[in-house]
Amino acid sequence: MKPKLKLCLQLLLTFMKIGVVTFGGGYAMIPIIENETSKKKKWIEPDDLIDVIALSESTPGPISICAATFIGYKLAGLAGAFCATVGVVLPSFVIIYLISLFLRQFEEIRIVSYAFFGIRAGVLALLIKAVISMFKKSPHNIIAYCIMAGSLIAVAFFSTNVIIVLLSAAVIGLTAALIAKKRGREL
Amino acid sequence: MSVYLLLFLEFFKMGALTFGGGYAMIPFIEETVLSHGWLTTRELVDFIAVSESTPGAFAVNMSTYVGSEVGGLFGSVCATVGLVLPPFILILIIAKCYEKFKQSLIVRGVMLGLKSTVVGLIGATVIKVGYDIFFPFGFDIEVIPYELSSGNFWFIIVVFAVMLFLLLYKKLNPILVIVLSAGAGIAAGYTGLISL
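Protein chains in written order, with the working numbering: chain R, 1 to 187; chain A, 1 to 196.
FYI, nobody ran anything at the bench for these hints, they're computed from the structure. Any given hint might turn out to be false.
[Unchecked claim] To give a feel for the contact side, a few chain A residues facing chain R, derived at Cβ under 10 Å:
| id | residue |
| --- | --- |
| 1 | MET1 |
| 2 | LEU90 |
| 3 | LYS100 |
| 4 | VAL119 |
[Unchecked claim] In silico lysine-lysine, DSBU-like type, Cα no more than 35 Å apart, as pairs:
| id | chain 1 | residue 1 | chain 2 | residue 2 |
| --- | --- | --- | --- | --- |
| 5 | R | LYS39 | R | LYS137 |
| 6 | R | LYS74 | A | LYS13 |
| 7 | R | LYS39 | A | LYS96 |
| 8 | R | LYS39 | R | LYS181 |
Every residue, glycine too, gets a C-beta built ideally from N, C-alpha and C.
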C-alpha cells in the first residue's frame, strides 16, 4: 500500500475511534484527541496541539471537526483532512440516525415519558453549568460584560435574530480592539 | 426550495457562524429549528439529553437528528455535511497561514466580541428553556396558581436544584445527571407525584 493511502486509512480509523469514545463532545474530546494523536501516534507535538485547540476556538464549528481537519491536513494534505473529518463524524452520525428512527415512538412509552420529564430538569442544570464555564473562559473586561448582558437581553426578551447579535458582537469587539491599539494599549 | 437544500443551507449557516463549540451552538440551533417548526423547545431539550448520552459533538448530533426527522436519511446527510463544511474549509485555509492568523489584531478583536456574546446567548437559552420547563402553560395570572399547586412544578424545582448542586460542587458527570434525573422522573411518575 502507498504510504499516503496507509496514513489516510490510519487517520480515518483513529478519528473514528475518537468519535466513538467521546461522549458529550466539546472539551471532553481534547484529552482523548491528545492521547490518540500525540501520545500514541506521535502525529503531532503537544505544543502544536495547544495551537489546534486555540485555533478551534477562534474558528466556527465543533472542536472535534476543527481538530480532525487540522491534524489530517498537517499529516496528509487534503485527503488526510477529509479522512480524519469523515472518521470523527461517522460514528455519531450512524448512532444518531438510528436513534432518530424510533425516538418519537420511544418517548410515548409511559416509563420513558416520566424519565424525560425528570431529564428536562437535569438538562436545565447542565445548561446553567455551560453558561458558567463559558463565562470563565471568556474575556473579563467592561466591553465583554456589556456584550454579554446586551446579547442576553436582546435574545431572551426582544427575540432578536441570533445572526444579527453575533455580527454586532464581532463588530463591537473589533472596534474595541482597534481603538485600544490606537491608544497603544493591550486589550 | 427543496427541503434538502434548505437543511443544507440552514446547517451550513450554523456551521459558519457558531463559535466556541458544544453548547455555544444551542441558541442558534434553537432559533433555526423553532422558526422552521422542525422541533419544539421540549423536543430540543429531550434531544440535548440524548446527545449527552451518545458519542459525538452536540452540533453534529443535532444536525443528523433534525435532518433525519425532516428529510430521512438523505436529509440527515445534507444537514450534517452542511454543518461540517464551513469549519472544514476554513481550517484548510487557515492551516496554511496559521502564524499570521494567530497574531492578527482583527481576529483577536472579533474573538473578543464573539466569546462574550456566546455567554449572553446561552444565558438567553437558559431563560427560554427554563420558562418552558417551569411554566408549560404560560406565565399567565390565571394559570400561575394552578401551576404552583401542581406536583410537577415542585418536582422540577427539587430535581433542578439537586442536579445543579451535584454538577457544580460534586463535579458529577453529565451522563450521571441525566440518569439520576430520569430515575427521579420515573419514581415520581409511578408514585403519582407528577402527572403528565
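Hint-by-hint comparison with the structure:
About 18 Å separates the beta-carbon of MET1/A from the nearest beta-carbon of chain R, more than 10 Å, and the hint is not met. The criterion of a C-beta within 10 Å of any C-beta in chain R is met by LEU90/A, whose closest approach is roughly 5 Å, and the hint holds. A least Cβ separation of about 12 Å between LYS100/A and chain R goes past the 10 Å threshold, and the interface hint is therefore violated. Hint status for VAL119/A: holds, given a least beta-carbon distance of 5 Å to chain R, under 10 Å.
A threshold of 35 Å between alpha carbons decides the hint, and for LYS39/R with LYS137/R the separation of about 26 Å falls inside it, so the pair holds. For the suggested pair LYS74/R and LYS13/A, the alpha carbons sit about 26 Å apart, so the restraint of at most 35 Å is met. Among the hinted pairs, LYS39/R with LYS96/A is consistent with the structure: their alpha-carbon atoms are about 24 Å apart, no more than 35 Å. Using a Cα cut-off of 35 Å, the hinted pair LYS39/R and LYS181/R is violated, with the two alpha carbons roughly 40 Å apart.
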